[in-house]
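**Q** Going by the numbering used here, the sequence shown opens with residue 784, and the numbers climb by one from there.
Hints may be right or wrong, so weigh each one.
To be verified - Listed next, with one range per pair, are the computed distances between beta-carbon atoms: (1) His817 / Ala843: 44 to 54 Å; (2) Met821 / Ala843: 37 to 47 Å; (3) Gly809 / Ala843: 46 to 56 Å; (4) Ile823 / Val803: 12 to 22 Å; (5) Ile828 / Ser806: 22 to 32 Å; (6) Glu811 / Val841: 42 to 52 Å.
Since the hints were made in silico from the structure, they are not lab data.
Predicted model only: the values in this text are computed from it and were never measured.
Idealized CB from N, CA, C, for every residue including glycine.
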Amino acid sequence: MQYVMTVIWTLILVTMLNYVVGSVNGVEEFNFFHGLYMAIPAAIIIILITKVIPDEPVEAKHH
Numbered sequence: 784m785q786y787v788m789t790v791i792w793t794l795i796l797v798t799m800l801n802y803v804v805g806s807v808n809g810v811e812e813f814n815f816f817h818g819l820y821m822a823i824p825a826a827i828i829i830i831l832i833t834k835v836i837p838d839e840p841v842e843a844k845h846h
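Can you build the whole structure from these sequences, using the hints too?
**A** Structure (structure tokens):
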């Protein structure tokens, strides 16, 4: 379920970013699929980053 929500939130945020940047740059036609095409790799990268970062804190070594 966490992966589904990650993909949904990434889709929402990347599409919103796509719309805002397109509006600032003066793009006349908004294309939803451009945001979709950018959101899928972004979601995969986010999921991979969460797999690489450990959940437990690392113990500090005292010298």
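**Q** Check each numbered hint against the structure and report the violated ones by number, ascending.
**A** Nothing - there is no hint that the structure violates, so all of them hold.
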